[in-house]
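Chemist: These protein sequence lines are chains A and B, in that order.
Using our numbering, the first residue of the first sequence is number 6, and each one after it goes up by one.
Using our numbering, the first residue of the second sequence is number 383, and each one after it goes up by one.
Just to be clear, a hint being listed does not mean it is correct.
[Said to hold, decoys possible] Okay, the calculated beta carbon distance ranges per label pair:
#1 A/80 to B/414: 14 to 24 Å
#2 B/705 to A/218: 17 to 27 Å
#3 A/133 to B/642: 15 to 25 Å
#4 B/605 to A/73: 49 to 59 Å
#5 A/124 to B/672: 55 to 65 Å
#6 B/483 to A/203: 22 to 32 Å
#7 A/73 to B/704: 53 to 63 Å
#8 A/162 to B/567: 53 to 63 Å
#9 B/567 to A/203: 41 to 51 Å
#10 A/192 to B/542: 47 to 57 Å
Everything labelled a hint here was simulated from the structure, so no lab data went into it.
Idealized CB from N, CA, C, for every residue including glycine.
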Amino acid sequence: MSSDPHLVEFFLRQGDNALVLGHRLSEWCGMGPALEEDIALTNTALDLIGQSKLWLAHAAEIEGADRSADDLAFLRDAYDFRNVLLLEVPNADYGRTMLREFFFDAFQLPWLKALTDSTDDRVAEVAAKSAKEAAYHLERSAETVIALGDGTDESHAKMMAALDYLWPYVGEMMVDDDVDHAMAEAGVAPLPSAMRPAWDDTVNATFREAQLPRPDTKFAHAGGRNGFRHTEHLGHMLAQMQVLQRSHPGATW
Amino acid sequence: MYAQMIKSEATQEDTEKLAAFQARIDAGQKIEPKDWMPEGYRKTLIRQIGQHAHSEIVGQLPEGNWITRAPSLERKANLLAKVQDEAGHGLYLYCAAETLGVSRDELTEMLLDGRMKYSSIFNYPTLTWADMGAVGWLVDGAAIMNQVPLQRTSYGPYARAMVRICKEESFHQRQGYHLLMHMMKGTKEQRRMCQDAMNRMWYPALMMFGPSDKDSVHSEQSMRWKIKMNTNDELRQKFVDETVPQAKYLGLEIPDENLRWNDERGHYDFSEPDWSEFFDVIKGNGPCNVDRIAARQKAWDDGAWVREAMLAHADKKAARRAAGELKNVA
Chain A
6 MSSDPHLVEF
16 FLRQGDNALV
26 LGHRLSEWCG
36 MGPALEEDIA
46 LTNTALDLIG
56 QSKLWLAHAA
66 EIEGADRSAD
76 DLAFLRDAYD
86 FRNVLLLEVP
96 NADYGRTMLR
106 EFFFDAFQLP
116 WLKALTDSTD
126 DRVAEVAAKS
136 AKEAAYHLER
146 SAETVIALGD
156 GTDESHAKMM
166 AALDYLWPYV
176 GEMMVDDDVD
186 HAMAEAGVAP
196 LPSAMRPAWD
206 DTVNATFREA
216 QLPRPDTKFA
226 HAGGRNGFRH
236 TEHLGHMLAQ
246 MQVLQRSHPG
256 ATW
Chain B
383 MYAQMIKSEA
393 TQEDTEKLAA
403 FQARIDAGQK
413 IEPKDWMPEG
423 YRKTLIRQIG
433 QHAHSEIVGQ
443 LPEGNWITRA
453 PSLERKANLL
463 AKVQDEAGHG
473 LYLYCAAETL
483 GVSRDELTEM
493 LLDGRMKYSS
503 IFNYPTLTWA
513 DMGAVGWLVD
523 GAAIMNQVPL
533 QRTSYGPYAR
543 AMVRICKEES
553 FHQRQGYHLL
563 MHMMKGTKEQ
573 RRMCQDAMNR
583 MWYPALMMFG
593 PSDKDSVHSE
603 QSMRWKIKMN
613 TNDELRQKFV
623 DETVPQAKYL
633 GLEIPDENLR
643 WNDERGHYDF
653 SEPDWSEFFD
663 VIKGNGPCNV
673 DRIAARQKAW
683 DDGAWVREAM
693 LAHADKKAAR
703 RAAGELKNVA
């Protein structure tokens, strides 16, 4: 199979988003604020790790460089990762973790639904499986954001702080670049910017109920989707995630 | 001491009721939450189910320690699922304890302030990836040995929780064994990790069955009440007999020079664990006691604002709904 760099890039972006967020959520396992939250958060992490396996396996296959999904996950350096920056910043508290999850889910659900119409069967297939999971993720993260925004003065203040921190990272999900245009022309995927109205609707409706104001700044950090400039946090995540694969080259587990 | 306390309370109960209660247990009937039960039975069950629940929750920590370092996507997913199962077991068990009139929050507070214990095995560290195999194989294996008979325990909600838990635990045990099997076929370093895990985990796993029968304070009454079904030493022997051939198949050496088959007894002879170490760990001096409780305390404290906010939101929502309904009526 001939390798299409744009298509490989596209699959990596999907796989890395799922992997990096799944990893961040997995950091909560056993530490949640209540058993039910712990279990639900782990469920989401499991869904995302499962999705990342599917996307990365296709990326590896299309790339044709004799690498596996695990090679891509555990043996690439930070500049080869293609996730948005929003997903790699640290969890901090439960409020920030859930607000980040919500921002991503609000993009991911319409995105995956649109991808089910992809001209590429592999994309349509992974998207169809993942969209069902994303619908549940969004339902839960939106409910949690509403509860924490509306709950107590303390929880409201924590959600405001989380919002201040995360807002500059949300724009990157919906900025188009050359890869996106190539995918749109080939009918593989819509432009990410086309998700903006759906994302705005979900965020506005949820924020109204959560008593959270929508920040008026449109500034957006960038550098994750194209790997040009990740945050400092990704390197630490990878140092931990990749330690066994890096320390024992060639070993299988 | 506790056993004596139970006894003195029990003797104050109405003797006829007690006899009828014991007769039901002897006839193999299940005791259900609304049934009359001696105070000692209730207390012993709360202690046992609570400790079991706490063990599941604290037991998430040593394995959780490796989730972010799992070496493949599949291993990461398996480990996440396993630790999540443990949270689920904790949840069923806290629910079973709640039927005896103690809340999950009360039990959690008793864990955090040291009034209640959890299994001493979770006070040992997990130091290499092979520990994820050894915990599954030996620790879950020993837990199954303890828990399978509890599916027939006299208290209904506990027995039913154990049925589901045992199914999942035996899956975990197989998963752990396969992980080690894979590593034993790998590099020299991987085999070394496996043997190292075996060396560290063997005796703590034997300790999981509790002190020798002659030193066990809770046994006799609990056996009569069918809260406990076998003695500690019986279960420990069964565990050794089943585990030795499995270790041989893996190519792992059990760190016990006295281990040998005894034809006359039809069992393996083996060395007792160092019970002074066991009692040290119970007293709080295990390698990880302080860290484990600190981690649970931190999760509890860090989560307080979330739990409060969720309750506050639920109250506000109910109040708004009620106000809305009033307005509609007006």
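Chemist: Compare the structure with each hint and give your call.
Modeler: Here's how the hints hold up against the structure:
no. : hint                       : result
1   : A/80 to B/414: 14 to 24 Å  : violated (56 Å)
2   : B/705 to A/218: 17 to 27 Å : holds (24 Å)
3   : A/133 to B/642: 15 to 25 Å : violated (59 Å)
4   : B/605 to A/73: 49 to 59 Å  : holds (53 Å)
5   : A/124 to B/672: 55 to 65 Å : holds (58 Å)
6   : B/483 to A/203: 22 to 32 Å : violated (49 Å)
7   : A/73 to B/704: 53 to 63 Å  : holds (57 Å)
8   : A/162 to B/567: 53 to 63 Å : holds (54 Å)
9   : B/567 to A/203: 41 to 51 Å : holds (50 Å)
10  : A/192 to B/542: 47 to 57 Å : holds (53 Å)
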